[in-house]
Amino acid sequence: MQKFFIHPTSIVDTQHIGQSTSIWAFAHVMKNARIGSNCNIGDHCFIESGAIIGHDVTIKNGSMIWEGVTLEDGVFVGPDVLFTNDRHPRSPRLAQARKRYSTRAWLSPTFVRRGASIGAGAIIIAGIAIGEFAMVGAGAVVAQDIPPYALVTGSPARVRGWVCQCGQPLKFQEGLATCNDCGLSYVKDADSVSLATRNL
Amino acid sequence: MQKFFIHPTSIVDTQHIGQSTSIWAFAHVMKNARIGSNCNIGDHCFIESGAIIGHDVTIKNGSMIWEGVTLEDGVFVGPDVLFTNDRHPRSPRLAQARKRYSTRAWLSPTFVRRGASIGAGAIIIAGIAIGEFAMVGAGAVVAQDIPPYALVTGSPARVRGWVCQCGQPLKFQEGLATCNDCGLSYVKDADSVSLATRNL
Amino acid sequence: MQKFFIHPTSIVDTQHIGQSTSIWAFAHVMKNARIGSNCNIGDHCFIESGAIIGHDVTIKNGSMIWEGVTLEDGVFVGPDVLFTNDRHPRSPRLAQARKRYSTRAWLSPTFVRRGASIGAGAIIIAGIAIGEFAMVGAGAVVAQDIPPYALVTGSPARVRGWVCQCGQPLKFQEGLATCNDCGLSYVKDADSVSLATRNL
Numbered sequence: 527m528q529k530f531f532i533h534p535t536s537i538v539d540t541q542h543i544g545q546s547t548s549i550w551a552f553a554h555v556m557k558n559a560r561i562g563s564n565c566n567i568g569d570h571c572f573i574e575s576g577a578i579i580g581h582d583v584t585i586k587n588g589s590m591i592w593e594g595v596t597l598e599d600g601v602f603v604g605p606d607v608l609f610t611n612d613r614h615p616r617s618p619r620l621a622q623a624r625k626r627y628s629t630r631a632w633l634s635p636t637f638v639r640r641g642a643s644i645g646a647g648a649i650i651i652a653g654i655a656i657g658e659f660a661m662v663g664a665g666a667v668v669a670q671d672i673p674p675y676a677l678v679t680g681s682p683a684r685v686r687g688w689v690c691q692c693g694q695p696l697k698f699q700e701g702l703a704t705c706n707d708c709g710l711s712y713v714k715d716a717d718s719v720s721l722a723t724r725n726l
Numbered sequence: 527m528q529k530f531f532i533h534p535t536s537i538v539d540t541q542h543i544g545q546s547t548s549i550w551a552f553a554h555v556m557k558n559a560r561i562g563s564n565c566n567i568g569d570h571c572f573i574e575s576g577a578i579i580g581h582d583v584t585i586k587n588g589s590m591i592w593e594g595v596t597l598e599d600g601v602f603v604g605p606d607v608l609f610t611n612d613r614h615p616r617s618p619r620l621a622q623a624r625k626r627y628s629t630r631a632w633l634s635p636t637f638v639r640r641g642a643s644i645g646a647g648a649i650i651i652a653g654i655a656i657g658e659f660a661m662v663g664a665g666a667v668v669a670q671d672i673p674p675y676a677l678v679t680g681s682p683a684r685v686r687g688w689v690c691q692c693g694q695p696l697k698f699q700e701g702l703a704t705c706n707d708c709g710l711s712y713v714k715d716a717d718s719v720s721l722a723t724r725n726l
Numbered sequence: 527m528q529k530f531f532i533h534p535t536s537i538v539d540t541q542h543i544g545q546s547t548s549i550w551a552f553a554h555v556m557k558n559a560r561i562g563s564n565c566n567i568g569d570h571c572f573i574e575s576g577a578i579i580g581h582d583v584t585i586k587n588g589s590m591i592w593e594g595v596t597l598e599d600g601v602f603v604g605p606d607v608l609f610t611n612d613r614h615p616r617s618p619r620l621a622q623a624r625k626r627y628s629t630r631a632w633l634s635p636t637f638v639r640r641g642a643s644i645g646a647g648a649i650i651i652a653g654i655a656i657g658e659f660a661m662v663g664a665g666a667v668v669a670q671d672i673p674p675y676a677l678v679t680g681s682p683a684r685v686r687g688w689v690c691q692c693g694q695p696l697k698f699q700e701g702l703a704t705c706n707d708c709g710l711s712y713v714k715d716a717d718s719v720s721l722a723t724r725n726l
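Chains as they are written, first to last, in this note's numbering: chain A, 527 to 726; chain B, 527 to 726; chain C, 527 to 726.
The reader is advised that the hints may include incorrect statements.
Note: identical chains are not told apart, hence a pair may lie in one copy or across any two.
To be verified - Derived DSSO-like pairs (lysine-lysine); straight-line CA-CA distance at most 30 Å: (1) Lys625 / Lys697; (2) Lys714 / Lys529; (3) Lys697 / Lys529; (4) Lys557 / Lys529; (5) Lys714 / Lys625; (6) Lys697 / Lys557; (7) Lys557 / Lys625; (8) Lys625 / Lys529; (9) Lys557 / Lys714; (10) Lys714 / Lys697.
No wet-lab data here; the hints were simulated from the structure. None of these values were measured; they are calculated from a predicted model.
So that you can see chain A by itself, here it is in the shape it has in the complex (with noise of 0.2 Å):
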């Protein structure tokens, strides 16, 4: 019995896909990387050694998880999401870096909390994280740390509203907005943006 998807383009080299999760045409997914139940894997991605990506996850074509980067649940990245892991990259060849690459110190680890969006073409500089719920541009460069709830363009990144989990922005008067899409409620504090308890 099939359990999940691998176009026969593919190069699947990990035992560890979950359930109902689906691979498509020309992706590779390196030994020992880890991707949970019902995700979808476009078409030319890369999934290297060590990335940890969890369930209900979308992953639109051409995007690369590289070792250090972790996607939550429901996740989505859209087409040529490109996360970094070492902030002042060389070619490991050249001479000048083997002390550099002796140890693994040079590697920044970036986490992408739960329900979380990154959008076309981001850029994510290796060592934040992208709070959940948050929303990226399209095109947008990515240097620090992302709030919950915030929607975030531009390079560098900053942040221009905020977005129901659901994905609508929202509107605050005078602390608080409801969804005007799926209903839900929520509290602005400051610079923060949670959900109002009336919905827990």
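Since the structure of chain A is already known, use the hints to place chains B and C on it.
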């Protein structure tokens, strides 16, 4: 008699490909995508069901043309150009986004008009139109409509100048410009450029 | 005796590959491209005829090296880095652009000097040179020459600091800096940095 060329490593599931079109290595064209005649689709491209591509179009390597995107005749799409079709994407597998993806209301179409060019790695936010013979600079993030013949660069993209149908920059004097290269003449009126009537 | 490694899913049409070089999955190297020894070319890369790549070069996944681009020894090219070779591209299939593409005058060369690094998703506008051991930040759009040892970021890319041959940022005091990591010393003079003579 072979009417078009498909590289043996590519996957082409549509019947709608025009004469003399070439599709190169590791590209994937889905069922019901439409591609005109005399086009060139580079390595690692992805053309989704519902995408519409005219005649004489060049798409460089790694670009993705999604459902909702229309490229008119003679368009140039540079390498790794990113179209989008959802302004507030979530993982469709996320429980909180289920309602959002239960209809097609999330899909915003994009139009690239006749003869326009889009530079390497440019990102086109869903729901806009790029005017005929406009030129989008490499790495630009385009979030609003672009007028015909405009040269736009930056993030967000802004009009920096104007270009001829042949691609050369135009220099206006008292509202008139003639291309040094191909001889076509243009008139500029406030924020729009059009062919001079003497060309017509 | 096999002198280099070519992944079985890649396409390599050139004869000019140096010893101990590896070319990974779904990559495509065209005829008459030149690649030195001890290089690593990642998955989904594309190396065009006429591209010139030195020794000890690392090219991460999905990057494209076009005709007109030269990478000297020890260069690092991050994932999805985009070189270009035409400053005003049109579809060569467009009738109005036929004259433009009837000669090679449209082609602008690019040089990346010894030991330089280019971060993920950076875009290099055709016709420039990146100085030796310079470092281009992820997502930068580089439109002019970069001096040796400079760290540049942003769109358009600007000099934000200086880096050592080994990759570490340098802190200058009264025009002198010594790398904490590898011990090399540098002098800064107006807008340029060079190795201190005591290293030589």
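Hints, one by one, checked against the model:
{"no.": "1", "hint": "Lys625 / Lys697", "verdict": "between (51 Å within a copy, 20 Å between copies)"}
{"no.": "2", "hint": "Lys714 / Lys529", "verdict": "neither (43 Å within a copy, 61 Å between copies)"}
{"no.": "3", "hint": "Lys697 / Lys529", "verdict": "neither (42 Å within a copy, 55 Å between copies)"}
{"no.": "4", "hint": "Lys557 / Lys529", "verdict": "both (19 Å within a copy, 25 Å between copies)"}
{"no.": "5", "hint": "Lys714 / Lys625", "verdict": "between (47 Å within a copy, 25 Å between copies)"}
{"no.": "6", "hint": "Lys697 / Lys557", "verdict": "neither (45 Å within a copy, 40 Å between copies)"}
{"no.": "7", "hint": "Lys557 / Lys625", "verdict": "within (26 Å within a copy, 36 Å between copies)"}
{"no.": "8", "hint": "Lys625 / Lys529", "verdict": "between (44 Å within a copy, 26 Å between copies)"}
{"no.": "9", "hint": "Lys557 / Lys714", "verdict": "neither (43 Å within a copy, 46 Å between copies)"}
{"no.": "10", "hint": "Lys714 / Lys697", "verdict": "within (10 Å within a copy, 40 Å between copies)"}
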